[in-house]
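Based on these hints, arrange chain Z on the given structure of chain F.
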Amino acid sequence: AQSVTQLDSQVPVFEEAPVELRCNYSSSVSVYLFWYVQYPNQGLQLLLKYLSGSTLVKGINGFEAEFNKSQTSFHLRKPSVHISDTAEYFCAVSARPGGGTSYGKLTFGQGTILTVHP
Amino acid sequence: DTEVTQTPKHLVMGMTNKKSLKCEQHMGHRAMYWYKQKAKKPPELMFVYSYEKLSINESVPSRFSPECPNSSLLNLHLHALQPEDSALYLCASSPGLAGASTQYFGPGTRLTVL
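Residue numbers (our numbering), protein chains in the order written: chain F, 463 to 580; chain Z, 985 to 1098.
Note that these hints are calculated values from the structure, not bench results. Heads up, a few of these hints could be off.
Restraint-style ranges between C-beta atoms, simulated for each label pair [stated by the list, open to error]:
no., chain 1, residue 1, chain 2, residue 2, range
1, F, H579, Z, N1054, 25 to 33 Å
2, F, P580, Z, E1028, 31 to 39 Å
3, Z, E1028, F, I545, 29 to 37 Å
4, Z, A1064, F, L518, 46 to 54 Å
5, F, A463, Z, A1084, 13 to 21 Å
6, Z, P1053, F, Q504, 25 to 33 Å
7, F, L469, Z, V996, 35 to 43 Å
8, Z, K1022, F, S532, 29 to 37 Å
9, F, P580, Z, P1067, 12 to 20 Å
10, Z, E1028, F, H579, 40 to 48 Å
11, Z, R1014, F, R539, 32 to 40 Å
12, Z, E1036, F, H544, 35 to 43 Å
13, F, P580, Z, S1043, 40 to 48 Å
Facing chain F, according to a computed beta carbon distance under 8 Å, are these residues of chain Z, among others [what the hints assert, rightly or not]:
no., residue
14, I1040
15, F1048
16, G1083
Nothing here was measured: the structure is a model prediction, and the numbers come from that model. Every residue, glycine too, gets a C-beta built ideally from N, C-alpha and C.
Here chain F stands alone, though its shape is the one from the complex (with noise of 0.2 Å):
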């Protein structure tokens, strides 16, 4: 069984600021990282994903991500964040195959909310 959790359930941060999401995971077998964004009123949208190879993940609209192993951690950063950008930020985890009863779901963290001002 896979569980993430999102160590800030609110982020007020100003215009052109940089940002940093945090996520960490607890996992009994390999799993793939997600981050994702819900706009008001929409579904989700995929922001970057971490499959294998490079632990610096670029995604859309300027998020990048880095994977740690050893502190099972996949935060999420912007250089300079918009008025855009704010939305609410889910990090994900996925089994690798072999990953049991577990593949093929997607389990979310509880969401950050980011709310950029002015």
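For chain Z alone, kept in the frame of chain F given last:
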């Protein structure tokens, strides 16, 4: 076309009504999902279809009945719902069931049960 469409956008129903939610994708994806999302919570997986066969049922009450008539279409039939079933119902699809696949989400149907 990278879009997942859902109809209706909003639905209000009584506890004795029968209604259906519809989801469609034309990306050739072979896995489709239903999620339930309560306010200020993450999506909770309900059902997964892979190649039009039910692959995962997360112990969902029988008042929710999924159906996958073909590879592009996913329905969720609702009957005798409870007020606590009020939520945003999200449909998603992915190229395959593999864990590495990106899931593409529709905008959701906001359901209110009176």
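**Report entry** Distance restraint hint 25 to 33 Å, applied to the beta-carbon atoms of H579 of chain F and N1054 of chain Z
**Finding:** At 47 Å between Cβs, range violated.
Query raised in the report: Do A463 of chain F and A1084 of chain Z keep their Cβ atoms within the hinted range of 13 to 21 Å?
Result: 19 Å, holds
Query - Cut-off 8 Å, beta-carbon criterion: hint that G1083 of chain Z touches chain F - result: 4 Å, holds
**Report entry** Cβ separation of L469 of chain F and V996 of chain Z, checked against the hinted range 35 to 43 Å
**Finding:** 37 Å, holds
Query raised in the report: CB of E1028 of chain Z to CB of I545 of chain F, is that within 29 to 37 Å?
Result: 30 Å, holds
Query raised in the report: Lying within 12 to 20 Å: is that true of the beta-carbon distance P580 of chain F to P1067 of chain Z?
Result: Violated - the Cβ-Cβ distance for P580 of chain F and P1067 of chain Z, about 39 Å, lies outside 12 to 20 Å.
**Report entry** Status of the given 40 to 48 Å range, CB of S1043 of chain Z versus CB of P580 of chain F
**Finding:** Holds: the Cβ-Cβ distance is about 46 Å, inside 40 to 48 Å.
Requested in this report: Could you check the hint for me, namely that A1064 of chain Z and L518 of chain F are 46 to 54 Å apart, CB to CB?
Outcome: For L518 of chain F against A1064 of chain Z, whose Cβ atoms are near 50 Å apart, the range 46 to 54 Å holds.
Query raised in the report: Falls inside 31 to 39 Å, the C-beta gap from P580 of chain F to E1028 of chain Z?
Result: 35 Å, holds
Query raised in the report: If you take the shortest Cβ to Cβ gap from F1048 of chain Z to chain F, is it below 8 Å?
Result: Because about 17 Å separates F1048 of chain Z from the closest Cβ in chain F, which is outside the 8 Å limit, the hint is violated.
Query raised in the report: Measuring from beta carbon to beta carbon, are E1028 of chain Z and H579 of chain F in 40 to 48 Å?
Result: 31 Å, violated
Query raised in the report: Are K1022 of chain Z and S532 of chain F spaced within 29 to 37 Å by their CB atoms?
Result: Since the Cβ atoms of K1022 of chain Z and S532 of chain F sit about 34 Å apart, the hinted range of 29 to 37 Å holds.
In summary, the structure is inconsistent with hints 1, 9, 10 and 15 from the numbered list given earlier, while agreeing with the others.
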